[in-house]
Each structure stands twice: as structure tokens, then as C-alpha cells.
Amino acid sequence: MKKLLLSFLLCSWFIGYAQDWNPFPLGQKSFYNVYKNDTTIHVLHADTILNRGSFQTMFFNYNDENYAGCYENVYFNPYSGLYSTTNQQFYRVKPDSITLKNDSMLIYFTSANPQYHDSILFLAKSNIGTSWFSTINLIGTNFNKLQFTCDSIYFDTIVGNTIDSLKIISVQAFDNANPVSSIFDNQKIILSKNYGFKTMIVFSGELSTPARLIGFSTTFNQEGFNYPDFTEYFHLNAGDVVIWREDFQGDILNPSYTKYYKDSIMSSFLSNDSVYYYIEREQTSGSTSTLNYKYLRENFEWLDKPTSLFLNSIAYSNYLWETYPIYPLTNNNFSREVESNGFHLDTTDCQIYQTTDFNVAERYNTKVGFSHSRDWGWHMKTNDAIGWTINGISEGANWKMLITNVKENTINNPTISIYPNPSPSGNFTLESEQAKWLEIMSIDGKTVFSQNINQSKTAINTNLPQGLYFVKITFENNKQTVQKIVF
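This note's numbering puts the first residue of the sequence shown at 1397, with every later residue one more than the last.
No lab work stands behind these hints, which were simulated from the structure alone.
Please note that a few of the clues may not be correct.
[Unchecked claim] 25 Å max Cα-Cα, derived PhoX-like pairs, lysine-lysine:
| id | residue 1 | residue 2 |
| --- | --- | --- |
| 1 | K1655 | K1880 |
| 2 | K1875 | K1853 |
| 3 | K1655 | K1796 |
| 4 | K1868 | K1853 |
| 5 | K1880 | K1853 |
[Claimed, not checked] Estimated spans, in silico, between C-beta atoms of each pair:
| id | residue 1 | residue 2 | range |
| --- | --- | --- | --- |
| 6 | Q1618 | S1667 | 19 to 27 Å |
| 7 | E1468 | N1523 | 33 to 41 Å |
| 8 | Q1618 | S1577 | 37 to 45 Å |
| 9 | T1743 | F1665 | 30 to 38 Å |
| 10 | Q1415 | Y1653 | 53 to 61 Å |
| 11 | P1861 | D1643 | 30 to 38 Å |
Since the structure is predicted, the reported quantities are computational estimates derived from the model, not experimental observations.
From the three backbone atoms N, C-alpha and C, an ideal C-beta is built for every residue, glycine too.
Build out the structure end to end from the sequences listed, making use of the hints.
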């Protein structure tokens, strides 16, 4: 009954709240280009107004995810760690929340200090000639107050063929009572009566260029840019090929490596809600294996969700995954990424916990689908699509040239084989075509054994006590490699 009443109240505020001159119209997804010389697309979605008695609070993405009543803990608890580890620039685009009282609003932005949220007073319904002041706190600026002035109102195009009333608002910076020159001198806020900000100054992070509205989407209307559909990300057919590069940055226990492989689509099943790929994977050595990939639309709903949203669903492995902006690529293609720093929400007590040494991300684009992954936990491993042949057209890396380069690199960077390992006796065999010097080091880095190598297969007798050691091999070209061995 309580949930039903709450739903009714939210619905009542949604319908009853006057939308005229609302900078972020309820229920509208607004698509913005934000940064100078950057076509990155950020998506804002104000979806809820809560009644607080003498005022109301507008939230972004309040209903986009199932936070089970823990919304404020996910977004507004500075001690949870979310602000300190996620990409701050995303939050500096989207306001945290907006307080509404009569005809005034306080727009809150996250600052560089996660425990502090700066607010801007904005009078969206101001008439021509009306001015007002708002304090502002930005590190490294020469002002502490802003004067807003409604300069004019006129009709013009919003996006595409949509025409609406537009309000031009100028901004003058002040240092106490003194006007000062600032980055806002040549900037104007443009506010639409029915579709929100056409041009928006983001009062945190990047200030040099206002955000520009390039599209919007509501239940009843869509104009300009909109999300690419699931089927635009997953469209490969038999005969298409994707070439991958895998990089691993190791340590003294796990050597670094780079390897390549080619995925050939043998068959595919494509529908509006699911995609299945049957793939043959070829290594540069010539060995092959087969793989089956399955992609379900229900697991990729985040492709149609706003920027800076923390996904909370079993489909995302019970971690809070953060949505990145949309990145335009060449030839009208787009890329989208999600990342997790190991945070997860316990909805029983609204506490946020973190798995340490956890940082994973996945990226998909409308050219090849899955295009990038990274796992930067204990080690750093990345996979990137570096070439492809789609519908007979090839771009990027060439597989035959890669094979040739890998073979040449193998000659210049010889491999070794050490066996047996472990070796209880402390003796082992080294096989390598170009090794010239061998050192064995203890776990504290001290050399405890060394020997010249002058043949491709050498028996090594160390007589060292049992334990963990490291074998360092120097080759004829003076390159080195290290492997661990247990006696």
C-alpha cells in the first residue's frame, strides 16, 4: 500500500509540476555535446520530483535502476568511495540534483571535493531584463559570484525541425561587488520553453564551451540524435572477420606478452532481442579453436541508458557498473563503455562495499560489436579489436602481415623452455636457441647461481636448497627474460 501511495505521489508531481522553462524536462532524455573540440555525447535524464513539504527535489536517473530505496547512498554518500575512484568528469556534466521552490531552483553540481556540492541559483522563469546573483565556489578562478540576466526571448529551431520559444541568458562574473572578466564573457545560456537547455553552461569541470543539445527523446517525441539500437551493435554475418590484440603487463612472476588472434564468423543468428555467433579463432601459430558467443538484449539495456549511471543488476555481475558517454567514431559509428571499480550495493542496509584490486571494463561499438575489454586488477590485461573485414571491406590490421611480424619478432626475441619445474633436486634443463647467460636469483633479488650457456640444450645443476627462485636468461642480442622456478 505504501509503495502504491508513493507511486501515486510521484505521478502526481510529474503531472502537476509545470514544465514550462524547465531546464531538464521530466522524462526527457537530452543528448549533449560537452567539451571543446570533442564530440563526446553525454545523456541527461531527469525522471523524478519528490515532495519535501515547502520545496521539491528533482533527481536524475532515480528510476533507471533498482536501488531498492538506496538511491541517495549510491550517489550522495561521499564516504562510500564512489566519488573518489570513478571518473570525475562525468559527474561534472550531470547535476547531482535540483531543489525547486516557487519559481527558483538550486542546481547542485559535484565539485572536486567529494564532500562538497556547489549550488547555482537559477531563475528559469525570469522575464526580459530580469537579473539575479548566485554565489559560486570554483578553485583557481578570479570570481565568487555570478550575475545572470535574461536578455531576450524569441522563436527558433531547437533540434531538427522542432521550433520553440528560446530565452537568452548572459552571465557576468563578480569578485565580491566588482565585475571581472571571465570565461563566461562570450557565453550565453539558451533555454527552451518546452525542451530544456539548448545551450548549457556546466558550472563544474570544463567551463570553456557550453554543452550543446543535439537530440532529445520522450515518450511522445524524438528529434536529432538518439541511442543506436541493440541490433546496430550486433550485426556480424558469416564471412566477417575481427582481428584482436591481447596485451598483458606482468611482473617478475608473470612475464608480459602481446599476442594476436583472428575471429572468423562461421555462422550467426540475428534477431531483435538476441544474437548468436559461431566463431573460428586462429592464433598466429596457425592453431585454431571454435567459440560460441551469445548476446541478449536484456543484458545490454545499459546501451540505452544515461551517462554517469551506476547499473545495479545481476546481469552486470552484482557490481555497480558506471556508464560512459557515447563516443562518435568515423562513418557515423558509435562506441559505448561500462566500467566497474568493484563497488557493490547491499540493499538490506544501503551500504556500499568494494572488492579491492578490481577494475574491469567492456566496450562495444556499432562497427564490430564487442571491441575492447580490460582487467586492471592484480595485473593489467587488455583486449582490443585492431582490424576487421565486414561485408568484404577490410580496415585496420592485416592478418598476413601480423603473422609475418610475429615470426620475425620471435627470432629477435627468443623463447626458452625450462623443465622440470618444479624440480625437487634443484637441477633442470634449459632449451633456447640464443641464450648466452643464466642467473638464478633468490626471492630477495640476490644472485645465487650463474652459468654461461653455449648450446641450445643445457643441463643445469644448482644444488640449491628448496624454495622459490627466479631464472634470468640473457640472449645473444642482450635482451632478457625472467621465469620463476621451484626447487
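Hint check results:
1. For the suggested pair K1655 and K1880, the alpha carbons sit about 21 Å apart, so the restraint of at most 25 Å is met.
2. For the hint linking K1875 to K1853, the alpha-carbon distance of about 19 Å falls within 25 Å, and the restraint holds.
3. Only pairs whose Cα atoms come within 25 Å are accepted, and K1655 paired with K1796 is accepted, the gap being roughly 14 Å.
4. For the given pair, K1868 sits about 16 Å from K1853 by alpha-carbon distance, which is consistent with the 25 Å threshold.
5. For a cut-off of 25 Å, the pair hint linking K1880 to K1853 stands: about 19 Å separates their Cα positions.
6. At about 23 Å, the CB distance of Q1618 to S1667 agrees with the hint of 19 to 27 Å.
7. The given range of 33 to 41 Å is respected by E1468 and N1523, whose C-beta atoms sit roughly 35 Å from each other.
8. Range check, Q1618 to S1577: Cβ separation about 41 Å, and the 37 to 45 Å hint holds.
9. Range check, T1743 to F1665: about 36 Å between beta-carbon atoms, so the 30 to 38 Å window is met.
10. Hint check: Q1415 to Y1653, Cβ distance near 57 Å, so the stated range 53 to 61 Å holds.
11. At roughly 37 Å, the beta-carbon separation of P1861 and D1643 lies within the given 30 to 38 Å, and the hint holds.
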